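**Q** Chains as they are written, first to last, in this note's numbering: chain R, 1 to 434; chain U, 435 to 735; chain W, 736 to 1057; chain V, 1058 to 1306.
Watch out, some of these pointers could steer you wrong.
Okay, derived cross-link-like pairs now, BS3-like style, lysine-lysine, Cα gap no bigger than 25 angstroms in a straight line [as the list claims (entries may be wrong)]:
#	chain 1	residue 1	chain 2	residue 2
1	V	Lys1113	W	Lys938
2	R	Lys28	R	Lys63
3	R	Lys425	R	Lys63
4	W	Lys938	U	Lys722
5	W	Lys923	U	Lys533
6	R	Lys340	R	Lys290
7	R	Lys139	R	Lys400
8	W	Lys923	U	Lys722
9	R	Lys193	R	Lys425
10	U	Lys722	V	Lys1113
11	V	Lys1180	W	Lys938
The hints are simulated quantities; they were obtained by calculation from the structure and are not laboratory data.
If you're wondering where the values come from, they're calculated on a predicted model, not measured in any experiment.
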Amino acid sequence: MAIKRSAAVAFALGALMALPALAQDKPKELVVGIATFLSGPASVFGVPGKNAADLFFEELNAKGGILGVPVKPVYVDEGAGTNQLISEYRRVVQDQGAQVMFGAISSGSCNALAPVAEDLKVVNVMWDCGTQTIFEEGKWKYSVRTQGHAGAEMMATLLYLMKTKPDFKTIAVVNQDYAWGRESWALFQAGLKALKPDVKIVAELFPKFGAPDFSTEITRLSALRPDVVLSTSWGGDLDTFVQQAAARGLLKQSTFVLPLAESSMERLGAVMPEGVIVGGRGDHYFLHPKHKNSAEMQSFVKKYRDKTNVYPIYPTFHMNQAVTGLAKAYEKAGAANGGKWPTKEQVIAAFEGLEFKSLTGTITIRSDHQGLEDQLLGTTKRVPEYPFAVYDKMALYPGKLVTTPVGEKSLEWFAKTKLDLVNDKSIETFDYSK
Amino acid sequence: MPPEMLFLAALDGLAYGSLLFLVAVGLSLIFGVLGVLNVAHGSFYAIGAYVAASAVLAAAGMGLPTWLAFPLFLISAILVGVVVGGTVEALLLRRIYGKEEVLQLLVTFAVFMILEDAQKVVFGTQPLFANAPMNWLGTIEVFGIYYTNYQLILIPLVALAVLVGLRLFLRRTSFGRAIVAVTQDREAAMAMGINATRIYLFTFMIGASLAALGGALSSATTSLTPGIGSGMIVLSFAVAATAGLGRIEGAAVAALMIGLGRSAAVYFAPEFDVLIPYLIMVVVLLIKPEGLFTTLQTRKV
Amino acid sequence: MARQYLIGAALLIALIVFPVVSPWSTVILTVALCEGLAALGILVLLRAGQVSFGHGLFFAFSAYVVAFMAAASFGHEVLLLVPIATAASGLVAALVGLFIVRYRAIFFGMLNLAISMVFFSLLEKLFSVTGGADGKRVPRPTLAGMTLERETFEFWMFYITLALAVTAALGVARYLLSPGGKALEAIKSNETRLEYLGVSSRKVLYGAYLLSGLLAGLGGAIIALVSGHVTPELAYWVRSGEFVFIAILGGVGGVAGPFLGALMFQIIRGYAAVHAPETWHAVLGVMLLVIIFFAPSGLYGLIAGRKRKSAPKETAPKETAP
Amino acid sequence: MSEFILEARDLELRFGGVLAANGASLSVRANERIAIIGPNGAGKTTFINLCTGYLKPQSGSVVFAGQDVTALSPRAITRRGIGRSFQIPQLFTDNTVMENLLLALSAREGTWSPFLRLDRHPKREEMIALLDSVGLRDTAERPVRELPEGMRKLIDIAVALALDPKLIFMDEPTSGVSSHEKFQVMDTLARALDARATTAIFVEHDMDVVARYASRVAVWSGGRIALEGTPDEILNHPEVRETVIGVGV
């Protein structure tokens, strides 16, 4: 009996010991750890992101991987909570030998992971999170962002609203109660005050993240009748809000501005009326006016639909940018290193100033590791080709135009916004076409 | 603040409270009879919602009329209660009735964890909604504000029907009276020849069905995403504890209190809407430890 | 008795050696120890037959105290932060305990749950103060005045935590053998008699509650330091449920139980995260069921090989005549 | 100071419509051995519960050793020197007999130091002696759960005695004891009580026990005392013989 018991102890400890493995200098494979939501409400982005990553890495490996090294993605559930995420992240780096991490979707996770990546000295590609404060308030050597940030997204949204509905007098906001909802409103509000100081903010509502019911909020908005209702909500929250607002006629009463609606359009189907201002956190859109017919886009949309039965949404494009950016950075670093396998430090250095093509445009990584990405906004329109609303009256805002310059803080930069930005010449416009 | 806004806030609170009641009353009933605080109750709510939404979408896909959704809600709820609830009771709970409270609680906690993932595997992670039933019932105008008939009239009516139905069932039918007898004195009821095993199973199924019905009804108004159950469970704890566990009419009053409190908060102190249910629960428990509607009993020595 | 020490010693030696063999595991082991401390707090209450579904409150409270203090210019020192934050949680336990010791069984659990959920909601809502749902970063403080690199810091934090955990475990073991500890068990088996000994069961429970709050607080303070980030999730009911889970998984028969449980919890979760990243909740759930049904005395009971008396649910003695 | 160590006056308690105590009064002198007899439902246990704080009377008073203890908590009353045993033993069933006694000892001595191990209590010997005096020394290290009902009843009393009460209520001390052992048990108990000069009030159904050990008998009926007197007077009282003892017993 005693032997049996010590055997049990030995087994438990052996199980712990079996976990570690050594990282290699010249890898047989490049392990890329990807933090994404596999559980919880944000898995509406996380799971498409993972599905897209599987596709992209498959393609990449079919072409010989990165510098001839096959890439192996390993996933970490962001939905397990920040503290658990941090230990999982460490485990993937220290135990599974990941040299590159993609972290993460939530701004909270990104804020938490950036210092961990610094500690672990691992290349950390912030593949989806948007908080502008990361590179404005901190300096992270090992982290890089391959897409735009909340500042660019909100600036483009503000400019688009000012262009399409310049005369509004009142506005209300209904955002999710967490960093993104609060920060995006703070930015928008700062810019709005600079451009239209006389606008009245009639309600600022921050319902709980994941709230199943917005009836009371909708009643209040119905009574207040604001000209514009802004909501940067997403996922189930946005679907529920739009659904309940539509059923109660609120969408007809006010102009809705939904900068993340691109990710909900297919699901909302017939619920989404015409005339709603929509965006998708960047220039991605499977019906992008300039790129929808490109071979890459066509092939991606087809493959993605074959796999998941739905059209790709913005996190899949963000994943594409992260994967492409990583491959390009390795190639650049490898070339600079005489064709040899680059160190992590060389890879991260290669990211600075890197320019690469995404499915819908070009991404430039600035010296502060922030990506410049164009922003596409539009107004919903119903067309016979699709059972859901599509973008019309589109405007494409160049990343450089709407992104806070290096060294400045977005909030201050927003407060200095000038009206002439609304009609800047670099903004391209398009109407919907088949 | 114009006075009609108060009235409007009350309307919102009524709809919300009604839904809460449906879920919480099942929890309360199960506790009253089995003495088990069922943490997995939120999962029944979530599964009920998912099954109902899937059924409604499938029916719509087959071109069936929209009104069919309402019987489908009921069928889904009963199905979930009987199949999922029945399985949990018969396979797991039945084996631990004599054990310590903490073990019973943990078994339902384990079931909760398993069902959370099972939902994801079966129904996916993408938000799912089936709002046709809500839109089919149309809207009603109150003080210039549109409300959906579904939320303002149907849900409170169903809640009322469940309340009245449960009361009648528990007082007028022999099976219902057997349930009450078990609630009041388990040993005496068993001594009288009441088949406790059967009572437990059916009560658990009824309780689970009620949670699933709440879920089914909410599937028309809200997007279903992973994790909807875990928020609902604490809310129904709050309702059940505020009312006094095992109290059916009490659950209605407590659910209404929490519903009204929450919507009042959205008007007057939007920062505190999520706090309201827990604050009400803490305050009630501090003042009246056994809940609003229970009287204290002394153990005999 | 001897076996109890043997298990403790074996566990201790394994823990001491482990980080040397496998450096990456230090943080995970530290986290396990922190959760073990909180579960030890649960064990203390379980001895009185009470189960708290709200110890996340104390865990999170001290974690946030650490986060606030470390972010401010003062108190940027582990040797200050840990005792102050633990004491702060103790203070909260002292306050909450005043009310909570009046309750038993399900109401005890419910009230704990409710209070922790109030705190959780406040953490989420007061965005400008607490950082809302995203939480707060905890800058790495100095350790005994030294500014350390990550690895060294983690290394030392592990051994400090281990020392604290061992001290706490021995202290709790001692307490459980003391008259106060036995009186605590008496609350579970017969509160009436306890009162008829002239002993205030509330006072006895209050002491235990304070102790368990301090233990959870200690765990929370350290977890904030080693993971470098705090979120409201630390106070969420699921987290509190995990502490109870760990306590039962490990077994409440001895003070080594919660730590065994916490280690096992981390191992299972680690494996599940690798092999079933989308269903790790379910894996844990199944594990819990297996333990409850097949080894109700937990891992500790399995190893110690002494069946914990399958304590039947307390049935109130009935009187034939008043 | 009154000549009585305990004076219960006109205690009243109504459960719903039932009068469980209906002007119950009893005065007890130091060192008396009072037996309370009466049919089931007469309110005997309720009287003990009222005197020891488990139930609060709606009216009436209890004075113990010159102090008003009416409606105090069991804890406060116990601390003033009233002990009790129960009809169904109230013990810490998961613990050993010795642990039960040592807890009582700790309560009496106020020894709550977390650094003291209960099983190494400095006055442990005293408890062994107590156990010895009730003839249960062999059971010291056995868990209470394993012991037969009769032994538990005695331990229940021993635990109460460990507190050194000035007065003890015993609710049917011999109910779980086989009839041929009753006198042996009662002899032991009586010696222990005498040695400690403890006043005792006990509920008893066995009239032989009452006759042999009581110094005074109180007959309970309808929530109050119906008759009071020496064992001789009471046991030969025709009405008592009929209602309480039952004809032919």
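**Q** With the threshold set at 25 angstroms, check whether the alpha-carbon distance from lysine 193(R) to lysine 425(R) stays at or below it.
**A** holds (23 angstroms)
**Q** Taking only the CA atoms, is the gap from lysine 139(R) to lysine 400(R) under or equal to 25 angstroms?
**A** Answer holds: lysine 139(R) to lysine 400(R) is near 21 angstroms, not above 25 angstroms.
**Q** Taken at face value, is the distance from the CA of lysine 533(U) to the CA of lysine 923(W) at most 25 angstroms?
**A** holds (14 angstroms)
**Q** Against the 25 angstroms threshold, does the CA-CA distance of lysine 425(R) and lysine 63(R) hold or violate the hint?
**A** violated (40 angstroms)
**Q** Take the C-alpha atoms of lysine 1113(V) and lysine 938(W), compute the straight-line distance between them, and say whether it is at most 25 angstroms.
**A** Satisfied, since the Cα-Cα distance of roughly 22 angstroms is no more than 25 angstroms.
**Q** Given the proposed pairing of lysine 722(U) with lysine 1113(V), does the C-alpha separation stay at or below 25 angstroms?
**A** holds (20 angstroms)
**Q** Keeping to a limit of 25 angstroms between CA atoms, is the pair of lysine 340(R) and lysine 290(R) held or broken?
**A** Given pair lysine 340(R), lysine 290(R) is violated - Cα atoms ~37 angstroms apart, limit 25 angstroms.
**Q** Please work out if lysine 1180(V) and lysine 938(W) have their alpha carbons no farther apart than 25 angstroms.
**A** Cα-Cα ~24 angstroms, so holds.
**Q** Checking one constraint from the list: CA of lysine 923(W) to CA of lysine 722(U), max 25 angstroms. Satisfied?
**A** Measuring from Cα to Cα gives roughly 23 angstroms; hence the hint holds.
**Q** Taking 25 angstroms as the top limit, are the C-alpha atoms of lysine 938(W) and lysine 722(U) close enough?
**A** Distance ~21 angstroms between lysine 938(W) and lysine 722(U) Cα, so the pair holds.
**Q** Sort out whether lysine 63(R) lies within 25 angstroms of lysine 28(R), counting only the CA atoms.
**A** Since the Cα atoms of lysine 28(R) and lysine 63(R) sit roughly 16 angstroms apart, the hinted pair holds (cutoff 25 angstroms).
Violated hints, in rising order: 3 and 6; the structure is consistent with all others.
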